[in-house]
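**Q** As a plain string of letters, each chain reads:
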Amino acid sequence: MSQFAEYAISALLLFGGAFTLVGAIGLARLPDFYTRLHGPTKATTVGVGAIMLSSVIYFSSVDQGIDFSEILITVFLFMTAPVSANMLAKAAMHIGVKTVKDTEGNPWHQ
Amino acid sequence: MITIALYLTIGMVTLAALLNVYRLIKGPDEPDRVLAIDTLYINAIALIILLGITLGTRMYLESALLIAVMGFVSTVAMAKYLKRGSVIE
Amino acid sequence: MSLPLVVLLPFLGAIAAPFFAQGGRTAIAIASSVPALVALAALFPHWSVLAAGGTVLDSYEWLPILGLSFSFRLDGLALLFALLILVIGLLVIIYAHYYLKAHENVAKFYSLLLCFKGSMLGIVLSGNLLLMLIFWELTSLTSFLLISFWTHKQDARRGARMALAVTGGGGLALMAGILIIGNIVGSFELDDVLAAGDQIKAHAWYPVALTLILLGAFTKSAQFPFHFWLPHAMQAPTPVSAYLHSATMVKAGIFLMARLYPALAGTEQWFYMVSFTGMATLLLGAYIAMFKHDLKGLLAYSTVSHLGLITLLLGMGTQLAAVAAIFHVINHATFKASLFMAAGIIDHETGTRDMRRINGLWRYMPHTATLAMVAAASMAGVPLLNGFLSKEMFFAESLQLNLTGLWAWVPPIVATLAGVFAVAYSARFIHDVFFNGKPVDLPKFPPHEPPRYMKFPVEILVFACVMVGVFPTISVGPLLYSAASATLGGNVPDYQLAVVHGFNLPLLMSFMAFLGGLLMYSQRERFFNFHARFKEVDGKAVFENLVSKFVNQANQFTGWLENGSLQRYAILLVVSVIAVTAYPLATNGFHIGENGLSTIDWPTGIAACVLMVCALATVVWHRERFYALVLLSVVGLIVALTFARFSAPDLAMTQLSVEVVTIVLLMLALYYMPSWTPMESSRTQRIRDILIALAVGTGMTVITLAMLTQPFSSISDFFLENSKPGGGGTNVVNVILVDFRGFDTLGEITVLAIAALGIYAMLKNVALTPPPGDGLGHAWTRDHYPLMLRQIARPMLPLALMVSAYIFLRGHNMPGGGFIAGLITSVALILQYIASGMIWTQDRISFRYHNVIGLGLLFATIAGAGSLAFGYPFLTTAFGYINWPVVGKFEVASALVFDLGVYMAVIGATLLALVSIGRLSPHSAIKSKQEGV
Amino acid sequence: MFDRLNFPQPWLSWVLFLTWQILSDGVTGGSVVLGLILAWIIPQLTHGFWPERPGFKKPWRMPAYILRVLKDIVIASFSVAWLILSPRSPRPVFISYPLKLEHPLAISILASTISLTPGTVSADISDDNKTLLIHALDAASDQEVINDIYNSYEKPLMEMFQ
Amino acid sequence: MELLFALVIGALTASGVYLLLRARTFPVIMGLTLLSYGVNLFLFASGRLATGQQPVIGTSANYTDPLPQALVLTAIVIGFAMTAFLVVLSLRNLADNNNDHVDGKREKAPPSSKQEREVTGK
Amino acid sequence: MTHWLIAPILIPLLGGILQVVMGYAPISLRRTLALTITVISLASSIVLLVLASDDSYRIYAFGNWQPPFGIVLVLDRLAALMLALTGILGLFCHIYASGGADEGNRQFHALFLFQLMGLNIAFLTGDLFNLFVAFEVLLIASYGLLMHGGGTARTVPGLHYVALNLVGSALFLIGVGMIYSVTGTLNMADLAVKIPQVTGNNLNLVKAGGMMLLVVFGLKAAILPLCFWLPKAYARATAPVAALFAVMTKVGIYAIVRVFLLIFGEGAGELANLGMDWLFPLALITLSMGVIGALGADSLKTLVAWQVIISVGTLLAPIALGSVAGLSAALFYLVSTTWTVAALFLVSELVASQRGLAGDSIVTAPKMRHQTLLSVLFFIGAVAAAGLPPLSGFFGKLLILQSVEPGVEMAWLWGVLLVGSFLTLIAYSRAGSIVFWWHVDGHVETPEPINNRVSISTGILTCLTMLIVVLAGPVSDYTRATAEQLHDNRGYINILQTPVHVPQNPLVGESH
Ligand code: NA
Ligand code: NA
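Residue numbers (the working numbering), protein chains in the order written: chain A, 1 to 110; chain B, 1 to 89; chain C, 1 to 933; chain D, 1 to 162; chain E, 1 to 122; chain F, 1 to 512.
Hints may contain errors.
Said to hold, decoys possible - Simulated coverage check for chain A against chain B, where a stretch passes if three residues somewhere in it have a Cβ under 8 Å from a Cβ of chain B: (1) 10-19; (2) 56-62; (3) 99-109.
Simulated from the structure, these hints should not be mistaken for lab results. Please read these numbers as outputs of a predicted model, since none were measured by experiment. Note that beta-carbon positions come from the ideal geometry of N, C-alpha and C, so glycine has one too.
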């Protein structure tokens, strides 16, 4: 395995792990549902994407062939994450979850 | 080096999963819980990939793919349940 | 062959009788007589053998393992009883012909009567105790039906049930006794049993066997304290009473004692049990008969008394007493049958049997009165009639008992006392019915003589009474001798059948009885007043109350146990498991096997903790259903991860896909259900349940720990070795599923298919009202099918099909396979339903899921059956490698077709199930109505 | 169902074919043949489920758009990470974004893009497809966000679709 | 690891059994689901635990026991079919009897939500 | 290897599939086809009965994989007996059902045939896990059948039945897991070889696993205290279904006989006769409970349902005592009681159909039509069920009583069985006299006439008890030989030696 690959893999792994963690921290820490929605849709998706990428590089550098299956999963995640977020936001608006006080504007009435 | 990075990453993802579980149990509303489980699904994908790297096998890749698909459908269904009650109508 | 014929003919006649019913009452009566006539003819030729003290045997194998043979045996005793059954049976048929009314179900009556006759003949002619037992119980059954012939009468139904309970129950005791006898002797053949008397009596189990057999005999023969059923059986039509309850069935118990006399009698136990029972019955029956106002009631108790007399004679254990017993069987049968018939005639002509209303019938039916009076005189023991002869013998024997001290006085006094009562009630029967003033308020007035030939049977019987009374030696001498010889095993004592034996003590006793009886009758008012002080107990009512009480208590007990609570049943099940496994597990303790424990890596540890926390959280928050569902799906997810973690990729994928489908299914159901469970169990209940759950959890932990740490080897090496060369695939799990254990998989998809079909069927025409909004008071949102979801669902289907194809095709060699592929396709389709709705999606699916299921099963079956054509067993797979240009080498395998079947079955079943529930939603229902879908 | 021998959705067939090659263990003769078969057969089976045509006018602009979004996603992640980790509490805002796009797919893509990029999540689309409700995690003013989105994403999409 | 696995199975079965003993269909179904998770893991464990030894020929040096995996797969599918049937049966019960009791009681329908409970003060 | 072994499985399977696909065909066509399938299936079972009567074991190795590796079907006398018993029962139930009870949903015949298939697999399989699968097939089909037909009464008992059996399935899997985790095999013959060799701590593991299986089989067989799900479920099912279910408890008994005699039999070393000391007292208590239930029953079907439990107790008591004679007697009784109980269910349904609102309740009602026919059939059934002569139940009980060796067990068994018979007699005479003899004035129902299919199938099934009496000799010879075969498990173990073809493929190409 080339030195470059090793650096790239490690970096991607750490990047991915960190972002996954940040997404989760956001989920745990942010004050209301709508703000919490941001963490997973972006940070976590990106984090997992990075880990996928590291996996692609890892296996490409140990095996002979190149396999992009992980990329497919990543693409899939990127395609679906906004939809999940949309659906959840709609559900939250329906239920009327509380928003933080200084939120400007209002969720729609469902 | 990869090993260390791998362990650190696994640690971070596991921690992330724990935080998700915290949110899941804490709520306070149902959408929060569904959001938490949706995130948990994605973390599980990461864990599976990391397991694959640790074991040096791609045997578990399809499991990750499946979690992605199933996690999505499950989240969508739960969200629809919350707002429509009837998932299939 | 003639003996089985004798027994079977009546049964054939019973089957045939209804066919003659169309020919009218006469035809059926004649037809019903045929079996008896034939039987008499068939028995006649055997007389020479019997007279010489021989026996006739006719035996066929039936159930050798049990020792039961179809064997018939004719000797003197059997002949005597057979003749009674046949002859009196014939007379009863004639009598019944006039007795039954036109509208009554004559066919049923004769059929039952013939069945009874056959059963009775079976008892007396059986050469095998088990065979006899069969006929014994048959008489109980047929008499049950005969007693209740007038089913519209409550008393008849109750009397019949009581008779069945007592005699049938006694039959069960008899069954046990006979089995013990058979066990002792090693055979149930009568010849063997009779020859093994000493062996039986010496056996440790003799007392038990004797008690059980006597229970059978006493119940059947209405001995005290089982006598109570007989009077209530008088609710039967009179021909039945005349036949069953005087001449035949009640004599079956007597017959049994006589039959087994050589095998069982002659011990102290026999003496005390039989004679004391007989004595008690004799006295009690005679006493009560006195006070019965019902004609048939009087006769019934008189019968009880006479049965006691015979029993007492048999119990005495002397040979002469036995002879007397048998003689009295004949005599009692003749006079009692005729008396019953006379009573029936009176009932028939006056419309009542109440002696307080029936008076002075001599004026209206002198002929009948004469006959009845002769028979009653015989019952009373008037000289020159047959009753006198056997009673004299009885008195004589009562003096011969070698009892010590004052006890020696008991039998003669009891005998005389019983004689007094007998004379008294006979006198009452004569005086109170035919004289004693004028009839009071008869339903039919004036009474007159019955049809000529209705009296014919009575005449015959009364004639017999007289004949035997006057010419005993000529009339019954040989028959009695032969029967006595058979009873006593050939040791017949010297006895004389003379009309008068000179002036001796027995004659004095007769005299005293006669005077005493008349005196008693003349003072009857005093006795009646005395007797009236005791409250009369209605046996039927007591029995009926007892049964109802039993039934109610059983009902309550059952209801208390079977309380309709799943919780109760589940606790019983779980506690049973704990109970039966606790001991082996406790012995094992917290055992760690030889392999010891391996280290835990902490991500796995954390995941496990999360799983446990979520599982427990599901329990804690189970009352908030949706929340619990979310927690449950976390558990499912981690279970899937666990499979992946421990080298089971196929399982991980399966678990994931199944999990999602399950969650969707649960949500579909939850829509209609309360979203919240109230707290219903009490604190005690919860603590109990927690303890049970903890016990189960601990048990499973201990088991798992013991199991996981034990070294192990399995048959799986074979699978690993043969998977590729023999099964053509490298994914061993898949090869096991489609090849090594393909039959399991076939079963598994069948289960899935059936479940879906069942679900579909169950939800047809079910109306459920969905809640108008969620439990928090919000109405549901308007948008059924959000835009973004619809847009993402579009490409998902082709992509998912692509992934399915991929997972499917690689399944044989890599994790995957038809099942997982099927679930992916299903989930993609479910997404279409969620995103775009039932109607939209269903419009685009041009096949019925039923057919998909069917085709899936068919593919799998055909793939399996293909090998049959090559002579290989079902599910033998075939595979090969083909090298094509461009494409290169690829594998073709029949297992793939099998897996395709799995794939289709899974899709069909999953979707059929989900769509069936989805269809319930009002939206799809309304829409499908509008659009005619 | 197989009433046509053509490819009802050629671009879908392309996507499927490429996907298959990615999934397969290397591009071989076998994978190409099988890929072709699947690329033909799957659209035949599913085209009923995709009634609207995608409506791309200039599909070749897609890659550039995707690259741009990817870049934004990475950047967005950092800014969101910063927001999450910083002790300052964010100032969330709901913004009603007036849509100019009309094609449902285009709207979906825009909404998805918004969700994936800095500090915004598409919370809802109005029933008439005219307004998009956006939740911004930390926004100074509505208009800034609206302009930003219009310029970065909606305009390129409009060029692609109209 | 074995102890951990054993505890997991213990927790799953215990939770499952507790829910099985509740008075309504829905908790019972969830209990059975949890129970079946525990049982599937148990059956799986009868082939012992192995890391990275997936029974796919050529992907590893050692292979774990494939047979329990196949059995669990069958068990999962059958369990799904059964659960689905039970779920629908409980729906049918709801339709037929207008309540979701399985404890033999038939009182008035309970408040269907937390809020309702709060309103009615139960 | 004869392919006949698979016939009783494949035929109903294919028939069931056909029914699934032709759901919208006219009912008469589906009926005819389904009945034809049942007849053919029965014919194949009879062939197996003939084959099995030479005392040999025949195996059928699925996929041509030699035992213990592949799944095998094993045909011995017991399996053949159960197949024939079920086949005959199934046929008459099916004919009855085709008299109109099959209407209402289109899945009836499919479910029915799948049910037969599941039963037949259970009787033939020689593999412990496959037995689980067979159980599931027959259970899920039975759930479907149980819910067949209208009405709301059967939902709750159905729910109980399904839920408890789900727990039972879980226990089955745990038991199999425990046994597999020690022995590493699933084939019953192989288990019979391996279990005696188990030592040390593994003994307890296997013991607990075996006991768990006993509980599972006990649940299916409805032994006390696991029997309370049964009465209501059976009593409320459609008659032909309840009648078919008469054999379901016998599957549990079959499994106990098969597994515990073969694997934990006398030759099982330290694990010999596992659980039998539990079974005997439980059987007697079950019998007593059944009698109490029958006595307290308030409807004919409930009465018959409790009769099912009575017969379970009666069957298991001699089986638990472990003698050849006892087992033989139990098998004889099993044949008799299965058909009798089934017939009684059918009769009860006919009675219910004639009495309007009164249904089959044991209450007085206006006179019913077809009174004579129905009362005769009920009488025959009741006599057979109560174990009175001259019908087959009597012989069964007699054989059972006679099979016990003198001792404490004998005293208990005799006492309970005889007293039980007595009380059963009272229960039946009470029920029969109230329903058939005791009429109140009132509106006489004018129900649909009873059609021929229904009356003939009920009549024949009822009268089968007489056939058993006539053929008591041959039948008891067969059950005796069966019991002997079961008691010597060497023959069964020998199937492992059956020369099956080398595990190879008819079409094996180059191997990579
Ligand atoms: Na008078
Ligand atoms: Na709800």
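**Q** Confirm or reject each hint.
**A** Tested hints:
1. A stretch counts as covered by a chain when three or more of its residues have a beta carbon under 8 Å from one of that chain; for the stretch 10-19 of chain A and chain B the count is 7, and the coverage holds.
2. Remark: the stretch 56-62 of chain A is confirmed as covered by chain B, as 3 of its residues place a Cβ nearer than 8 Å to a Cβ of that chain, reaching the required three.
3. Under a criterion of three residues with beta carbons nearer than 8 Å to beta carbons of chain B, the stated coverage of the stretch 99-109 of chain A fails, only 0 such residues being counted.
This entry does not satisfy hint 3, going by the numbered hints stated previously; all others are met.
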